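Fit chain G to the supplied structure of chain Y, relying on the hints for placement.
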Amino acid sequence: MAQHAKAGRTRTLDAVDVVVDSDAHVTESVDQLLEYVDERDEGLRRIIEDAAQPAHDIYSVAHPTPPFIHTDAFGDVYSDAPTGSLEAKRAEMEEFELDYSILSPTLNLSLATVNNDRAAVVLAKAYNEWVLDQFTEEGDDSILTPVVIPPQAPDKAAEIIDDNGNEDGVCAVSVPSTGLVPPPGHRWYDPIYEAAEDNGLPLLFHSGSGATADIFPVMRKWTEVYAEDHAMVHPFTAMWNLTSMLFQAVPARYPDLQFVFQEAGVGWIPYTKWRLDDHYLELSDEVPGLDKLPSKYVDDQFTFTTQPLGYTGDHPEQLAKMIELVGPENLMYASDLPHPDFDPPEELFDRIRGHLDDEAVRGMMGETAVDVFGLS
Amino acid sequence: MSGVRYRVATASEVAEPGDRVIADIEGQEVAVFNVDGDLHALPNFCPHQAAPLCEGEVTGRMVMGDDGWSWEYVQRGEVVTCPWHGWKFDVTTGRNIKDEDVAIPSYDVERDGDDVLVVR
Numbered sequence: 001m002a003q004h005a006k007a008g009r010t011r012t013l014d015a016v017d018v019v020v021d022s023d024a025h026v027t028e029s030v031d032q033l034l035e036y037v038d039e040r041d042e043g044l045r046r047i048i049e050d051a052a053q054p055a056h057d058i059y060s061v062a063h064p065t066p067p068f069i070h071t072d073a074f075g076d077v078y079s080d081a082p083t084g085s086l087e088a089k090r091a092e093m094e095e096f097e098l099d100y101s102i103l104s105p106t107l108n109l110s111l112a113t114v115n116n117d118r119a120a121v122v123l124a125k126a127y128n129e130w131v132l133d134q135f136t137e138e139g140d141d142s143i144l145t146p147v148v149i150p151p152q153a154p155d156k157a158a159e160i161i162d163d164n165g166n167e168d169g170v171c172a173v174s175v176p177s178t179g180l181v182p183p184p185g186h187r188w189y190d191p192i193y194e195a196a197e198d199n200g201l202p203l204l205f206h207s208g209s210g211a212t213a214d215i216f217p218v219m220r221k222w223t224e225v226y227a228e229d230h231a232m233v234h235p236f237t238a239m240w241n242l243t244s245m246l247f248q249a250v251p252a253r254y255p256d257l258q259f260v261f262q263e264a265g266v267g268w269i270p271y272t273k274w275r276l277d278d279h280y281l282e283l284s285d286e287v288p289g290l291d292k293l294p295s296k297y298v299d300d301q302f303t304f305t306t307q308p309l310g311y312t313g314d315h316p317e318q319l320a321k322m323i324e325l326v327g328p329e330n331l332m333y334a335s336d337l338p339h340p341d342f343d344p345p346e347e348l349f350d351r352i353r354g355h356l357d358d359e360a361v362r363g364m365m366g367e368t369a370v371d372v373f374g375l376s
Numbered sequence: 001m002s003g004v005r006y007r008v009a010t011a012s013e014v015a016e017p018g019d020r021v022i023a024d025i026e027g028q029e030v031a032v033f034n035v036d037g038d039l040h041a042l043p044n045f046c047p048h049q050a051a052p053l054c055e056g057e058v059t060g061r062m063v064m065g066d067d068g069w070s071w072e073y074v075q076r077g078e079v080v081t082c083p084w085h086g087w088k089f090d091v092t093t094g095r096n097i098k099d100e101d102v103a104i105p106s107y108d109v110e111r112d113g114d115d116v117l118v119v120r
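Protein sequences appear in the order of chains Y and G.
Position 318 of the first sequence, counted from 1, bears residue number 318 in this note's numbering, the numbering being contiguous throughout.
Position 117 of the second sequence, counted from 1, bears residue number 117 in this note's numbering, the numbering being contiguous throughout.
The following block holds chain Y by itself, in its conformation from the complex (with noise of 0.2 angstroms):
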């Protein structure tokens, strides 16, 4: 991988003593993931490997217009898998200096698009299987893993959460987000939080823009550009899961999971909170399960992720304004690296120094993360 130059970026990090990526990203292929299907599945395998285009004819994978072009800094993430391997991720950490890394995937955020049950549970596992084995270290927790698992099979989900659960490198369970079939909130996936809470793991939500084609609340059909696409596929995602577990009761249901929302940015946090507050209060009959306004489970166990912060133009202390109605111990920074869309650990810092407290500070760039994921 390319070295980048340095000169011209200020570095002000110093002040901060650890610094946590809390959406660290791997760029896996189906190649490299066969390799790691077990023998046991070898018909699905060579099922898989049949597939001359599988991230349409296993996964559903459709953009409206080829994504990211021409930010090719850490190579073309959908083609050349450039963070395909551990050294590649020690680069990144290390000229970003970042000192803990919590990965996740790239194809497999559409993993809820892959149509065969089977397949996709095949998949999960082989992913867990190579992320595990190529980028985690037996006694060293500075890169750790979620355990990826297959939304459209809730039952095997859990068997995957329990055999991986205990396993050195894993931090957490990973959800790929966008385009869940029903979505969160309901009793399907009670399966996947009870694993998830009895193995003492924080619950990950991953949006990704490669799920769009037929799901809401992002439809692929009629957005002409790749910008249309991912601009909204975030936010839209999170808002929609957001509000289906929270009107559903999932975290009253499950009072000592930990949920964590990435990737969609801080704006639409307080909108949404105001918003299904609002509803809560003014449609009651129809949310029994909930003891207390959405927004105080919201503060009380979500956590989200920073990136992308999004352009303020010439106004960065309103970031910094919309982070205090947010709430700084709900927010943890990531960086997103490597797609081209990734906030460096300044890109937050530079815009909330001076504005908030050290301790909201420190928290958000790492020590928020350190608690939500165990690291030492």
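Keep in mind the hints are simulated off the structure, nothing from the lab.
In this text, all values refer to a predicted model and were calculated from it rather than measured experimentally.
There may be inaccurate statements among the hints.
Below, simulated SDA-like cross-link-like pairs (lysine to any residue); rule was C-alpha separation at most 25 angstroms, straight line [what the hints assert, rightly or not]:
id: 1; chain 1: Y; residue 1: 292; chain 2: G; residue 2: 2
id: 2; chain 1: Y; residue 1: 292; chain 2: G; residue 2: 74
id: 3; chain 1: Y; residue 1: 292; chain 2: G; residue 2: 78
id: 4; chain 1: Y; residue 1: 292; chain 2: G; residue 2: 45
id: 5; chain 1: Y; residue 1: 292; chain 2: G; residue 2: 85
id: 6; chain 1: Y; residue 1: 292; chain 2: G; residue 2: 50
id: 7; chain 1: Y; residue 1: 296; chain 2: G; residue 2: 17
id: 8; chain 1: Y; residue 1: 321; chain 2: Y; residue 2: 359
id: 9; chain 1: Y; residue 1: 292; chain 2: G; residue 2: 58
id: 10; chain 1: Y; residue 1: 292; chain 2: G; residue 2: 47
What follows is chain G alone, placed relative to chain Y:
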């Protein structure tokens, strides 16, 4: 009991469970409800957006059953639903049924012969 007593109704006007009157006390509207034979008084005012709360439907409320599945309808006749936005208040306490931080005053009510008095 401290406070000033205001005659707001005759006993026959709120004699039956479900009866309600809204009276004017020095410019403030106060409602008296008969809930299972007991009288309760609340200001006719919703703290949400200043609606005439006590003109709304008297209902029950939905709660989750102990089995975690069934929705049970309880407190029939004890909950007033604001006619503007549906906020629900416990008529017997003045408390919002969904947000413990929201409440309106609950006034004492006395019967004196044929007079119903609100103590404010």
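Quick rundown of the hints versus the structure:
| no. | hint | in the structure |
| --- | --- | --- |
| 1 | Y/292 - G/2 | 34 angstroms, violated |
| 2 | Y/292 - G/74 | 18 angstroms, holds |
| 3 | Y/292 - G/78 | 20 angstroms, holds |
| 4 | Y/292 - G/45 | 23 angstroms, holds |
| 5 | Y/292 - G/85 | 19 angstroms, holds |
| 6 | Y/292 - G/50 | 23 angstroms, holds |
| 7 | Y/296 - G/17 | 36 angstroms, violated |
| 8 | Y/321 - Y/359 | 16 angstroms, holds |
| 9 | Y/292 - G/58 | 23 angstroms, holds |
| 10 | Y/292 - G/47 | 18 angstroms, holds |
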